[in-house]
Amino acid sequence: MNGVQAAVPRARVRTAAAIRAPRLWWVASAAVLLLAITVQPFRDSDVWWHLAVGRLITTHGIPAQEPFSFLQAAHAWVGQQWLYEVLLYRLVNLGGDGLASLALGILAALAVAVAALSVPHARRIPGAWLAAAMVFSGLVMAEVVGVRGQVISVLGTALVLLVVARWRDGHTRAVWALPPLFLLWANLHAGFIAGFGVLAIALLLARPADRVSEARRTLLLAALLGGVATMVNPAGPSLYGYVAGTFFNPTLTSAITEWASPDFHNMWLRLFEAEAVVLVFLWVLSRGPDAYDVVLGGAAVVATLQAQRNVSLFAIIAVPQIARYGAEAWSLQVAPRLRSRHRDPANAALLGSIATMVIAVAVAVTVAPQLSAGSTASFDAARYPVAPADYIATHLARRRLYSIDTWGGYLAYRFPQHRVVFLYGETAVFGNADLQLYEDVHLLRSNWTHVLTSEAIHDAVVPLHSQEASGFHALRWRVDCYDSTSDAVVMSAPTDSTASEPALLSAPISSPRC
Amino acid sequence: MLSTRGGVRTRLDALSSPGGLFVSAVLAIATLPVTGVIRDPDFWWHLRAGQLILASKALIATDPFTYTVASHHWTMHEWLTEVLFAVMHQAGGLGLIVLVLSVLTWFGIVWILLRARLRRPNLFVLGIGVLLAVVAGYPIWGPRAQMITFAFSCLVLLLVERHLERGGRLIWLLVPLFMLWSNLHSGFIIGLGFIAVVVAAELIGGRLRFADGAPASRVRTLGVVLILSAAVAMINPNGPAILVYAFQTQGSAAQQSLILEWHSPDFHDWQVWAFELMLLSTVALIVANRRIRARDAALVVVTIALALQSVRHIALFVAAVTPIWIDQASMLVRRRRRPARPRRAVAPLAFRATTFVTVILLVAVVYVGGRLVPDMRTQENALAYAQQYPVCAARWLAAAPQPLRIFNQYGEGGYLAYRLSAQGDRVFIFGDAALMGDSMLRTYGDVEGVQPEWESVIEESGTDLVLFDTGTPLANILEASGWIKVYQDPMSVAFVPVSKYHALHLPAVPAAYTPGDPCQQQLASVTSNAGGTG
Numbered sequence: 196m197n198g199v200q201a202a203v204p205r206a207r208v209r210t211a212a213a214i215r216a217p218r219l220w221w222v223a224s225a226a227v228l229l230l231a232i233t234v235q236p237f238r239d240s241d242v243w244w245h246l247a248v249g250r251l252i253t254t255h256g257i258p259a260q261e262p263f264s265f266l267q268a269a270h271a272w273v274g275q276q277w278l279y280e281v282l283l284y285r286l287v288n289l290g291g292d293g294l295a296s297l298a299l300g301i302l303a304a305l306a307v308a309v310a311a312l313s314v315p316h317a318r319r320i321p322g323a324w325l326a327a328a329m330v331f332s333g334l335v336m337a338e339v340v341g342v343r344g345q346v347i348s349v350l351g352t353a354l355v356l357l358v359v360a361r362w363r364d365g366h367t368r369a370v371w372a373l374p375p376l377f378l379l380w381a382n383l384h385a386g387f388i389a390g391f392g393v394l395a396i397a398l399l400l401a402r403p404a405d406r407v408s409e410a411r412r413t414l415l416l417a418a419l420l421g422g423v424a425t426m427v428n429p430a431g432p433s434l435y436g437y438v439a440g441t442f443f444n445p446t447l448t449s450a451i452t453e454w455a456s457p458d459f460h461n462m463w464l465r466l467f468e469a470e471a472v473v474l475v476f477l478w479v480l481s482r483g484p485d486a487y488d489v490v491l492g493g494a495a496v497v498a499t500l501q502a503q504r505n506v507s508l509f510a511i512i513a514v515p516q517i518a519r520y521g522a523e524a525w526s527l528q529v530a531p532r533l534r535s536r537h538r539d540p541a542n543a544a545l546l547g548s549i550a551t552m553v554i555a556v557a558v559a560v561t562v563a564p565q566l567s568a569g570s571t572a573s574f575d576a577a578r579y580p581v582a583p584a585d586y587i588a589t590h591l592a593r594r595r596l597y598s599i600d601t602w603g604g605y606l607a608y609r610f611p612q613h614r615v616v617f618l619y620g621e622t623a624v625f626g627n628a629d630l631q632l633y634e635d636v637h638l639l640r641s642n643w644t645h646v647l648t649s650e651a652i653h654d655a656v657v658p659l660h661s662q663e664a665s666g667f668h669a670l671r672w673r674v675d676c677y678d679s680t681s682d683a684v685v686m687s688a689p690t691d692s693t694a695s696e697p698a699l700l701s702a703p704i705s706s707p708r709c
Numbered sequence: 003m004l005s006t007r008g009g010v011r012t013r014l015d016a017l018s019s020p021g022g023l024f025v026s027a028v029l030a031i032a033t034l035p036v037t038g039v040i041r042d043p044d045f046w047w048h049l050r051a052g053q054l055i056l057a058s059k060a061l062i063a064t065d066p067f068t069y070t071v072a073s074h075h076w077t078m079h080e081w082l083t084e085v086l087f088a089v090m091h092q093a094g095g096l097g098l099i100v101l102v103l104s105v106l107t108w109f110g111i112v113w114i115l116l117r118a119r120l121r122r123p124n125l126f127v128l129g130i131g132v133l134l135a136v137v138a139g140y141p142i143w144g145p146r147a148q149m150i151t152f153a154f155s156c157l158v159l160l161l162v163e164r165h166l167e168r169g170g171r172l173i174w175l176l177v178p179l180f181m182l183w184s185n186l187h188s189g190f191i192i193g194l195g196f197i198a199v200v201v202a203a204e205l206i207g208g209r210l211r212f213a214d215g216a217p218a219s220r221v222r223t224l225g226v227v228l229i230l231s232a233a234v235a236m237i238n239p240n241g242p243a244i245l246v247y248a249f250q251t252q253g254s255a256a257q258q259s260l261i262l263e264w265h266s267p268d269f270h271d272w273q274v275w276a277f278e279l280m281l282l283s284t285v286a287l288i289v290a291n292r293r294i295r296a297r298d299a300a301l302v303v304v305t306i307a308l309a310l311q312s313v314r315h316i317a318l319f320v321a322a323v324t325p326i327w328i329d330q331a332s333m334l335v336r337r338r339r340r341p342a343r344p345r346r347a348v349a350p351l352a353f354r355a356t357t358f359v360t361v362i363l364l365v366a367v368v369y370v371g372g373r374l375v376p377d378m379r380t381q382e383n384a385l386a387y388a389q390q391y392p393v394c395a396a397r398w399l400a401a402a403p404q405p406l407r408i409f410n411q412y413g414e415g416g417y418l419a420y421r422l423s424a425q426g427d428r429v430f431i432f433g434d435a436a437l438m439g440d441s442m443l444r445t446y447g448d449v450e451g452v453q454p455e456w457e458s459v460i461e462e463s464g465t466d467l468v469l470f471d472t473g474t475p476l477a478n479i480l481e482a483s484g485w486i487k488v489y490q491d492p493m494s495v496a497f498v499p500v501s502k503y504h505a506l507h508l509p510a511v512p513a514a515y516t517p518g519d520p521c522q523q524q525l526a527s528v529t530s531n532a533g534g535t536g
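Protein chains in written order, with our numbering: chain D, 196 to 709; chain P, 3 to 536.
Rather than coming from a laboratory, the hints here were simulated on the basis of the structure. Be aware that one or more of the hints could be misleading.
[Said to hold, decoys possible] Restraint-style ranges between C-beta atoms, simulated for each label pair:
id: 1; chain 1: D; residue 1: Ser526; chain 2: P; residue 2: Ala202; range: 25 to 33 Å
id: 2; chain 1: P; residue 1: Leu282; chain 2: D; residue 2: Pro375; range: 34 to 42 Å
id: 3; chain 1: P; residue 1: Thr472; chain 2: D; residue 2: Gln260; range: 35 to 43 Å
id: 4; chain 1: D; residue 1: Val560; chain 2: P; residue 2: Ala202; range: 18 to 26 Å
id: 5; chain 1: D; residue 1: Val472; chain 2: P; residue 2: Arg41; range: 28 to 36 Å
id: 6; chain 1: D; residue 1: Leu399; chain 2: P; residue 2: Leu334; range: 49 to 57 Å
id: 7; chain 1: P; residue 1: Ile229; chain 2: D; residue 2: Ser526; range: 37 to 45 Å
id: 8; chain 1: P; residue 1: Val226; chain 2: D; residue 2: Ala557; range: 26 to 34 Å
id: 9; chain 1: P; residue 1: Ser441; chain 2: D; residue 2: Ala651; range: 39 to 47 Å
[Unchecked claim] Covered by chain P, according to a simulated footprint, are these stretches of chain D (three or more residues, beta-carbon under 8 Å):
id: 10; segment: 304-312
id: 11; segment: 452-458
Each residue gets a CB set at the ideal place from its N, CA and C atoms; glycine is no exception.
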């Protein structure tokens with residue numbers, strides 16, 4: 196009897212370990228594979244003004260007012276992402292754009308891996324399902340990761356999911372990771388609000404394994420402490436006003452693509468749609484989802500329909516659910532019809548480690564060339580007005596510049612002094628009035644010329660194929676130089692002596708190269 | 003005789019029950035949002051095309067309205083609708099067209115209800131579902147040719163569902179229906195698509211042993227009906243090419259990006275919130291019940307994908323999903339219902355019948371008096387139309403002594419073609435995007451977006467005059483570029499190049515209109531560079 200009893204616990208331990216080891220191989224392999232997606236060059240234009248602010252903070256501390264633009268910002272500067280900005284600046288200083296790309300790419304892949312590990316322990320989800328869910332979600336969020344502060348919030352949300360999962364498993368003490376997490380998060384990115392959303396749904400609907408009331412009280416206390424911890428940041432409690440001002444600004448949601456509803460003509464948003472449909476199918480085909488998962492998934496879908504930037508939030512939340520309900524649906528609907536095959540655990544571990552190494556080598560070979568100084572410089576030159584900025588530095592120093600908002604951040608990075616920049620991505624600080632000024636010129640509204648006059652703007656750097664370029668041309672602005680790499684023109688208002696019929700504004704352009 | 007009277011009494015009893023009253027009231031109320039003045043900008047060139055067909059007693063081979071694509075072959079995929087528009091316009095003006103299209107749309111909603119009733123839902127759930135559908139479709143309702151596709155889609159789905167549930171021969175009505183439909187509107191391809199989706203879902207669902215599958219023999223019959231319907235759809239002036247034509251719009255990147263209706267829904271727009279609610283609640287109900295027919299699941303997935311791609315497809319989502327929503331909601335209600343309590347005594351039938359008739363009459367009076375008649379009586383030169391279309395600008399242009407080539411806004415080309423083409427004026431572009439072609443659409447988009455070569459496009463096309471909406475980038479850049487502003491009202495502004503100003507002999511803008519004239523209300527001071535022409 197004792198021998199039998201002794202044998203059972205050993206078998207259980209062996210079974211759990213036998214499952215955990217290959218499962219970790221699957222997760223690790225998928226995370227490494229995801230690096231091919233998450234390691235990206237500086238595609239998000241906001242990276243530049245974050246770098247500019249990071250540089251400013253390291254030398255002068257957090258600014259009290261907006262530091263780069265000649266517009267009168269409506270609100271005081273909120274140094275809410277100061278820690279991210281300083282770290283980003285340090286990374287670029289240390290290893291160039293490539294190091295920052297690698298670091299943020301690793302964080303994004305880590306976030307997906309953490310989300311995968313937040314499945315309930317008792318369910319014993321096979322590693323293949325975890326890996327499949329990770330890769331699917333990685334593809335869905337590919338367009339909104341890269342070198343951007345939002346990746347911090349993606350990781351933060353994944354960590355909250357993990358804490359909640361462990362809390363549901365009965366490890367109540369895991370919740371005490373929340374206060375330091377939120378303390379750090381609130382100084383890195385305003386997306387910590389999403390973490391509170393997850394906790395609120397968990398408190399209302401998730402059921403821990405035992406001692407329900409006590410566990411809920413503990414989670415509530417930890418969440419409240421986390422809320423208090425978020426106020427330990429340079430802006431203090433006014434951080435929440437900043438967040439609300441961003442979310443509820445109607446000009447922001449209409450003017451900035453990321454804050455707009457998804458355009459389902461884009462293939463990557465079709466992936467989001469596909470993942471949402473798959474998730475619903477798996478809910479239906481499994482033993483039935485619990486209310487916490489359904490409400491969390493549904494809330495993430497609604498958030499994404501409001502602003503496509505939230506697709507990363509949905510993708511992270513979907514990872515453990517697709518893995519869990521996919522495995523359940525498979526075992527209920529498909530596995531009974533298949534003949535089971537015996538698998539040797541030792542072989543599985545060996546194959547897993549070989550597969551991981553092969554994937555790692557393939558990803559390294561793919562990703563490494565993108566991180567070189569030459570490669571990042573080429574990318575930046577094509578996407579941002581690098582050469583025009585060089586021209587401006589030489590010929591138009593200290594002069595106010597109009598540019599499109601996605602280039603404003605780069606110009607703030609290049610020209611941090613003398614307030615020559617018009618507007619860039621920190622829209623909550625600028626306020627609605629300044630956003631309207633920008634839209635007046637950008638959309639060539641009736642009073643667009645008045646804005647140029649009132650703000651004393653006589654020079655601009657804009658895409659050749661933009662409304663603004665045609666508008667300036669109609670005002671007889673001359674083309675100072677043209678950069679074919681970024682398709683940008685530097686244009687200047689005529690002085691009395693230069694006012695003449697300008698050449699047709701078209702490419703190839705006969706103006707000097709920048 | 004006794005059984006007939008008994009049948010009538012039973013029906014009246016059901017209709018005048020609280021649930022029946024609610025459903026009837028919802029159906030009556032549904033008449034309100036589906037009626038309105040004509041807001042579809044394409045209506046006008048359809049009407050004009052119909053008039054030309056009647057006059058020449060032949061279809062039009064090439065574009066008659068533009069000076070840019072006059073050589074393009076015109077696939078007249080809606081020729082029968084256009085002829086009917088012209089005939090109705092002759093007989094009863096715009097009012098008759100408004101009435102017919104409104105009634106047709108309402109019938110679509112009735113067919114949705116009848117399809118939902120096949121599964122014997124809870125009556126209150128039925129009423130709520132139909133109400134939700136009417137509100138969800140709000141961005142799309144209105145007298146327009148597209149409502150033909152909406153209504154016929156509802157009818158197709160009703161006949162298909164009825165056949166799969168009960169069998170019978172009514173399904174063969176689809177064959178003549180598609181022959182008619184393919185001559186009325188190219189959306190018939192949607193109807194064929196729905197049948198194909200249902201057949202495929204039933205075949206796959208049968209293999210996977212989904213619950214509540216239809217008998218295999220009925221699915222086979224449906225497959226045969228599908229093939230025959232596709233075959234008779236080719237009986238139209240365009241022949242088999244009509245089947246390919248319908249896909250051209252879906253495959254055209256230019257159309258999908260430039261035309262607002264083909265854009266994805268904007269969930270910041272309150273008009274779309276009911277659709278969002280319907281979409282999310284449908285999913286929530288399916289997850290709660292975890293029981294759905296294969297064909298229902300397929301229709302939900304396909305129409306969600308269509309509606310998220312283009313806001314105009316919300317109508318198809320409503321057509322396909324509403325009965326499924328009602329079925330799922332009824333399922334949930336049945337599962338959650340408490341044990342039956344003793345029924346309260348109901349009012350006498352006579353009282354209920356009187357209440358029923360009173361409510362319906364009340365809604366009918368409100369609808370007819372407050373909505374239908376005013377919309378039918380609204381003439382094309384009324385303020386309601388003048389605020390949507392360049393009515394006043396067109397009236398001014400009609401007085402020009404010579405034909406003009408007008409660079410126009412895409413959505414206004416149809417109205418301008420209707421109003422001015424008879425006197426020889428031509429527009430740059432109008433709403434038949436397939437006729438225009440992707441190249442012309444992109445060229446137009448470049449000018450509307452004032453891309454670098456906008457001015458040369460206008461000049462090289464031989465444009466005499468630009469008529470565009472006030473406050474647009476093109477209008478503002480024309481003003482800054484030295485073009486001469488020759489007309490302005492709160493909606494439209496017109497410019498001519500300096501080189502053509504004197505040669506065109508444009509009429510002076512009226513200083514005043516007769517009292518009550520909608521243009522009087524729209525008159526704005528004109529800041530022309532050189533004053534009126536003589």
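Results of checking the hints against the structure:
Between Ser526/D and Ala202/P the beta carbons are some 27 Å apart, a value that agrees with the proposed interval 25 to 33 Å. The given range of 34 to 42 Å is respected by Leu282/P and Pro375/D, whose C-beta atoms sit roughly 36 Å from each other. Between Thr472/P and Gln260/D the C-beta distance comes to about 38 Å, which sits within the given range of 35 to 43 Å. Between Val560/D and Ala202/P the beta carbons are some 42 Å apart, a value that contradicts the proposed interval 18 to 26 Å.
Between Val472/D and Arg41/P the Cβ separation comes to about 33 Å, which falls inside the hinted range of 28 to 36 Å. The hinted window of 49 to 57 Å between Leu399/D and Leu334/P is violated, with their beta carbons roughly 21 Å apart. The hinted range of 37 to 45 Å is satisfied by Ile229/P and Ser526/D, whose Cβ atoms lie roughly 40 Å apart. In this structure the supplied range 26 to 34 Å is violated for Val226/P paired with Ala557/D, their Cβ-Cβ distance being about 51 Å.
Between Ser441/P and Ala651/D the CB atoms are about 42 Å apart, so this pair conforms to the stated range of 39 to 47 Å. Residue count for the segment 304-312 of chain D with a Cβ under 8 Å from a Cβ of chain P: 0. That is fewer than the three needed, and the coverage hint is violated. Only when three residues or more bring their CB closer than 8 Å to a CB of chain P does the claim for the segment 452-458 of chain D stand; here the count is 4, and the claim holds.
Going through the hint list in order, the structure does not satisfy hints 4, 6, 8, 10.
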